[in-house]
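For what it's worth, the numbering used here labels the leading residue of the sequence shown as -18, then goes sequentially.
Honestly, the hints are just simulated from the structure, not real lab data.
Because the structure is a prediction, the values reported are computed rather than measured.
Think of the CB as a built atom: it goes at the ideal place given N, C-alpha and C, for glycine as much as any other residue.
Take the hints with a grain of salt, since some may be wrong.
Claimed, not checked - Cβ-Cβ distance ranges computed for the label pairs, FRET-style:
1. Thr88 - Ile123: 18 to 28 Å
2. Lys180 - Asp55: 41 to 51 Å
3. Asp55 - Arg177: 45 to 55 Å
4. Gly186 - Ile123: 25 to 35 Å
5. Asp166 - Pro67: 50 to 60 Å
6. Arg121 - Gly187: 43 to 53 Å
7. Met152 - Arg103: 40 to 50 Å
8. Gly186 - Asp60: 15 to 25 Å
9. Glu131 - Arg103: 18 to 28 Å
10. Ala99 - Glu120: 17 to 27 Å
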Amino acid sequence: SIADSFSLYYSMMGAGAATTEIDLSGNGLGATVTNATENSDGPPVFLASPVVRLWMDFLDKLTNWFIPSVWASDVVICDPADPDIPNRVVSYRKSVNTQEAWLTDPTFLINPDLSGVAGIPRSYWKCNGSAVVEMSQAERDIVDAPATAEAARQQAAQDELDANEVSALNMTQVNARIDSISNLDQLKTFLKRLVRYLKAKEIQGGG
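With these hints in hand, go ahead and build the complete structure from the sequences.
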């Protein structure tokens, strides 16, 4: 009979544990149904072989292992001890498992309010209570200071190369220029230009 060959599986995500069986042969089915009454409406009933039922239980466990519900929190890490900008945001991590032990640090904000920094570069974020806010202009200037200084350094190097006569000389011309030096003052002038040229090339090369 159907009852001997199939088990009735009414939950796609786990099997029922009750043992009461009600005869539904009056409804035209030569089988039994677990946890049901003859005329009741209920959840959909699925016919499944024991092997299929075992596979469904296994897939249910697999889903819980690899798609845990706790992987849904955004975490902002603040640095209250930053010497220039206290509570500066040093890291922003999305979809973090909030059960991990390292998240107990009070300087970490779980799912913080980011509405105040929409469209703002992350380098200009800082923490303020449970929210993340934009830095003031003075604080932004502090953040930008290293890049600003480096840009000025690179521009000065380029200006030197543009103005330095050594930039336009090949090795043959350099040798000829040196041979034409007739006194100490000319030598000193040429050496200074040569040193400035080499230093500018070093800066542009990342030195």
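How the hints compare with the structure:
1. Thr88 - Ile123: 18 to 28 Å: Since the Cβ atoms of Thr88 and Ile123 sit about 20 Å apart, the hinted range of 18 to 28 Å holds.
2. Lys180 - Asp55: 41 to 51 Å: Since Lys180 and Asp55 have Cβ atoms about 47 Å apart, the given range 41 to 51 Å holds.
3. Asp55 - Arg177: 45 to 55 Å: Since Asp55 and Arg177 have Cβ atoms about 51 Å apart, the given range 45 to 55 Å holds.
4. Gly186 - Ile123: 25 to 35 Å: Hint holds: Cβ distance 28 Å, inside 25 to 35 Å.
5. Asp166 - Pro67: 50 to 60 Å: Holds, at about 56 Å.
6. Arg121 - Gly187: 43 to 53 Å: violated, 26 Å
7. Met152 - Arg103: 40 to 50 Å: holds, 48 Å
8. Gly186 - Asp60: 15 to 25 Å: About 33 Å separates the Cβ atoms of Gly186 and Asp60, which means 15 to 25 Å is violated.
9. Glu131 - Arg103: 18 to 28 Å: holds, 20 Å
10. Ala99 - Glu120: 17 to 27 Å: holds, 18 Å
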